[in-house]
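Undergrad: Which chain is which? The protein sequence lines are A and B, in order. Residue numbers for the first sequence follow numbering that gives the first Met the number 0, beginning at 0 and rising by one. Residue numbers for the second sequence follow numbering that gives the first Met the number 0, beginning at 0 and rising by one.
Calculated directly from the structure, the hints in this document are not laboratory data. Keep in mind that the hints are not guaranteed to be accurate.
Distance condition first, Cα-Cα at most 30 Å in a straight line; then the derived DSSO-like pairs of lysine-lysine [what the hints assert, rightly or not]:
#1 A:LYS9 x B:LYS245
#2 B:LYS240 x A:LYS5
#3 A:LYS56 x A:LYS77
#4 A:LYS5 x B:LYS245
Computed far set for chain A versus chain B, every beta-carbon distance over 10 Å [stated by the list, open to error]:
#5 PRO2
#6 ALA6
#7 LYS9
#8 ARG10
#9 ALA12
#10 ASP84
#11 GLN89
Pairwise CB distance ranges (calculated) [unchecked claim]:
#12 B:PRO74 x A:ILE79: 28 to 36 Å
#13 B:GLY107 x A:ALA12: 45 to 53 Å
#14 A:GLY61 x B:ALA68: 19 to 27 Å
#15 A:LYS9 x B:GLU158: 53 to 61 Å
#16 A:SER29 x B:ALA68: 27 to 35 Å
#17 A:ALA12 x B:LEU54: 28 to 36 Å
#18 B:ALA57 x A:SER100: 43 to 51 Å
#19 B:PRO74 x A:ALA12: 45 to 53 Å
#20 B:THR201 x A:PRO82: 24 to 32 Å
By construction, the Cβ of each residue, glycine as well, lies at the ideal position given by its N, Cα and C atoms.
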Amino acid sequence: MLPHEKALVKRLANDPFALLGVNSDGDCESVLPRLQEEGINWRNAIDVTPSGDWATKWNVQGWPTLYLIDAEGVIREKWIGSPGDDVLDQKIDELVAEAKS
Amino acid sequence: MMNLAHGVGGLSIAAVCLAFGTAVSQDDDLPELQNRLENLREEFRVAERSRFKALNDAETPQATSAAAAVDPWAPLRERFDTLAFDASGTEVAAGAWATICVNELRYGTPAPAFEAFGILINDHPNSDELIPVVGVIWSAGRDNPHTAEGLRQLSEDSENRDVRGGALFGLAKLLESADATKDEAFEIYRKITADYADVASTRGSTLGEMSAGALFEAEHLQVGMAVPDIASVDETNAAFKLSDYKGKVVLVDFWGFW
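Chain A with its partners taken away, still in its complex shape (with noise of 0.2 Å):
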């Protein structure tokens, strides 16, 4: 997942797309270190565990799970595990072609 989704917020830096990830492993002070590391430069939500609130809220019970929500925020597409990169892409580009017409 996360080199796919490097080259997807790169190529897609000046289109109307955010990647948003809700993630679970720890508090700001210990996941931020990490994403730094991994050189992941994209939003994080910090629900701290698998049963954080957004995770509970939300009934994720695989990880990960993707919602892809359209530019006027209608979820579109869900997925629990990947659908694979090549499908991401795809759905993905369809929807900013749509929001840029």
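Following the hints, put chain B in place on chain A, whose structure we already have.
TA: Showing chain B alone in chain A's frame:
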């Protein structure tokens, strides 16, 4: 006097054992059996930890598959079986059957897991040892028609409230996985939020929170729905909302390094 009474008690228990043809243990044996269970569980924990460590340390895909192929349960399976029979009818047997059930599901095959589940329902319906079992058995439920029945029975008849709540939650998870029974699942989630909200789940949150999550997902997190907002802090401790990103396509990724 004490010795005599004890001797008589021992005899009558032995007689009961013979009558039922099972190895019901005398009270004197319980601490020893308890020790055996604890030692076996510790041995298994060590084997599992070393597997996780090998998985974490693996640096190539080949090393990862080699580490994943290691089965920490296989070498211990028979010894847990033997203990379950030696301790038959006691809380130690409940512990052994519960361990067998959970790990056959995780590393082995469904048949012995369901056999263990059946024994737990019949002989140990009130045991705390059932809590982790009802937390996982539903995931294999579609392979075995007796799972829903067993969970339903425990949710009604167990005298242990945590077991009743956990069984009800497992039943809801199982029913939710088929379209025809989804509505019944949501009814059960609502019942849990009313009657068993405070019961701890095996995940660290409560059954009430987990059930509320399942209902929230069904009502607000389906494709085509307006996404509910998230308000959180980011890695720099700055507050933000998902709705700040309106006008952009957003990929929300629930993830962890672990």
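Undergrad: If you test the structure against every hint from before, which numbers come out violated?
TA: none
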